[in-house]
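Those protein sequence lines, which keep their order, are chains A and B. Sequential numbering of the first sequence, starting at 1, is according to my numbering. Sequential numbering of the second sequence, starting at 1, is according to my numbering.
Rather than coming from a laboratory, the hints here were simulated on the basis of the structure. A quick note: this is a predicted structure, and the numbers were derived from the prediction, not measured. You may find that some hints are simply not true.
Claimed, not checked - Calculated Cβ distances over 12 Å to all of chain B for the following chain A residues: (1) 48; (2) 88; (3) 151; (4) 234; (5) 298.
As the list claims (entries may be wrong) - Below 30 Å or equal to it, Euclidean Cα-Cα: the simulated DSS-like pairs (lysine-lysine) are: (6) B/283 with B/264; (7) A/175 with A/246; (8) B/283 with A/197; (9) B/273 with B/156; (10) B/156 with B/264; (11) B/264 with A/197; (12) A/220 with A/175; (13) A/246 with B/246.
Ideal placement from N, C-alpha and C gives every residue a C-beta, glycine not left out.
Read off the chains here:
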Amino acid sequence: MTVTALKLPTSVDAVIALLAAENYVCDRRLATALFLSLKLQRPLFLEGEPGVGKTELAKTLAASLATLLLRVQCYEGLDIAQTAYEWNVSRQMIEIRLAEAAHAIGGEADRERLAHSLYSRAMLIERPLLQALTQPQSPVLLIDELDRADEPFDAFLLEVLAENQITIPELGAVKAVAPPITIITSNRTREIHDALKRRCLYHWVDFPNVERELEIVRLKAPGAPERLSIQVVEFVQRMRTLDLFKVPGVAETIDWTNALLALNAIRLDPATVSDTLGVLLKYQDDIVRMQSGDTAKLLDELRARALLE
Amino acid sequence: MIAENIVHFARVLRTAGLTIGPDRVLAAMSAVEAVGLERRGDVHAALSAVMIDRHEQQVIFDAAFDAFWRDPKLLEQLMYLLLPKISGRGDKVRAPRANRLAEALAAPRPAALPNPANQTAQEELHFDTTFTFSDRERLAQADFETMTAAEFELAKKLAEQLPLPIVPVRRRRHEAAATRRHGSRLDLRATLQRMARQPHTLQPAYTQARTELPTLVVLLDISGSMDRYSRLFLHYVHGLTRRYLKVHTLTFGTRLTNITHCLKCRDPDVALKLADEQVHDWKGGTRIASCLDEFNHRWARRLLGANAALLLVTDGLDRDEQGELSRSAAQLRRLAHQIVWLNPLLRFDGFEPRAAGVRALLPHVDRFLPVHNLASLADLARALRGGTVAPGRAMHSHPAILN
């Protein structure tokens, strides 16, 4: 197999430019962490609230490097057969039946040969983790929401992350042809084991500041008038300082802008905000709280800053 | 020069409680080499990506980095000053142990007063290994509140060894099963391995869902009215934490404190002393509602995943202003897999939920059990073992009162 090397960015600025070309606005700290992960060939562990663009980063990276994206979506009970490899059992069974029918299983040597052919690479079904190791060009491997998987899966990942290899008992170790670019995301619904974090670079993805969020909204909701975008971003930014159970992420800001566009709203007013709160907030307690006074308060604040004309 | 500075910086961070091994120092050097030294922000981001592994450490890291950038020497002094305030692992855990060692090596200090009661307490403590069965029996039934000092000391020791109060839950992960049972699945891979080993035979292999003890989260009320119970309960929880790692403990009185790390220390005295230092509201008042609220916001999503069981240890003696407590409790109920309320007041026959706090909490818990002596603690596991708890549960408006 011929290995084709990826053209990787050579500086932090190059990383920012690369992602910007794919409409991903990324702050310098995140870009530095990503640059280092590419340069030092270490997995990047991204933690943060839902909807701050962790998964999106992996997708964008794969697109901008023009390489394959392999994704493992985690859930409880996830095992090797679903993530790494699986033996093609039905094919193996047919092989055995054929050998039996042909009376080809006589002596010890025949049996040995059969066993050998049963556990060859051709009999192996590759799942994302193994696929990531067998590509001729480094793919982007996204292990999404690792906190949803259980601890045994963390332990299984250690070998893949540290050595870029998977040991298959019947076959031996499969080592990466071109080491994958690994990005792990977590919403922190449980603490990931230190042994796994130790093998990664860590970055906490925070909510963006006003300027950057505005830039994101302009890119992702291009149809929105400038005035509305500013109001939306200021409103959401202010909302994040309230004591809500789940504050809205950037994804919600974009959704909300698009929702307001769909409703032909040209600026925020109490009725529209109240009707569309479900796009921003996903907990009934939070919605009730906003509707009982906080919406009006925030809108008054915006008006006081002359943003609502 | 750079290498020296990074090693120095790593040492400072280690003093502050971050776990930074030599591997991270090496990674830090290559990281700084990769981004270059032109921009301060880049160096900061690079070092922080390599050296920290949880969000909480960022504050410490930022402070250390700022100070280090100005004057490395000054920072070191600063860190030593700050040390008691920064919570983390590392040297901090070791310090009290050294004290203890010093105490152990020093000559026994004479008691302030030759108090006869004090004397007997000391003596009885020495004899705890020869404590007879009937004494144990009596102690098991004695109420924590009415125990003598000596009995209480003994009870603390016994509490360390009581069984786990949780029952296994069924997981979605499968494991090899010896025989075929209800709910087991055919394991084709293992079946085929058997076939390859023994041609002309077919001996199917099965897997079954794994059962596992869920994470246990303990919310412990340490207000004045709970004092004795909570002290003893802490010993119990320390015993649990030592034997079973998936226990998280938070105390609440007027504020919420996570003391899980403190209790991980093997020695009960050191662990409890660490917890003591961490908690500032012992024997204060209670603000159950605001503490539950804080728990819901800050901890629930991080700790209550994977069918965690929540033990709420409180007497519920609080007001329920404007339904705030019942609102918080209802929210908690929606987040936790099961809530078990342990209430020492339940020992009194004819206990009625009169206090507003009790009435507010009661509809939102799954079980309501007494906890006032060792026997009730030891029975927790049995009381909760109403068969294994399947994921997803029926909502019931009134919790079963077991006794």
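Hint by hint, here is what the structure shows:
1. Not every CB of chain B is more than 12 Å from the CB of residue 48 of chain A (nearest about 8 Å), against its label as outside the interface.
2. For residue 88 of chain A, the requirement that its beta carbon stay farther than 12 Å from each beta carbon of chain B is not met, with the minimum near 10 Å.
3. Its closest Cβ contact with chain B, about 9 Å, brings residue 151 of chain A to no more than 12 Å, contrary to its assignment away from the interface.
4. In this structure residue 234 of chain A is separated from chain B by more than 12 Å, as the shortest Cβ-Cβ distance comes to about 24 Å.
5. Taking the minimum C-beta to C-beta distance to chain B, about 20 Å, the non-interface status of residue 298 of chain A holds against the 12 Å cut.
6. Among the hinted pairs, residue 283 of chain B with residue 264 of chain B is consistent with the structure: their alpha-carbon atoms are about 23 Å apart, no more than 30 Å.
7. Distance check on the hinted pair: residue 175 of chain A and residue 246 of chain A sit about 42 Å apart at the alpha-carbon level, beyond 30 Å; violated.
8. Between residue 283 of chain B and residue 197 of chain A the CA atoms are separated by roughly 39 Å; this puts the pair beyond 30 Å, and the hint is violated.
9. For the given pair, residue 273 of chain B sits about 14 Å from residue 156 of chain B by alpha-carbon distance, which is consistent with the 30 Å threshold.
10. About 17 Å separates the Cα atoms of residue 156 of chain B and residue 264 of chain B, which keeps this hinted pair within 30 Å; it holds.
11. Pair hint residue 264 of chain B plus residue 197 of chain A holds up; C-alpha atoms about 20 Å apart against a cutoff of 30 Å.
12. Distance hint between residue 220 of chain A and residue 175 of chain A is unfulfilled; the C-alpha atoms sit about 39 Å from each other, more than 30 Å.
13. Taken as a hint, the residue 246 of chain A and residue 246 of chain B pair is honoured in the structure, with Cα atoms around 26 Å apart against an allowance of 30 Å.
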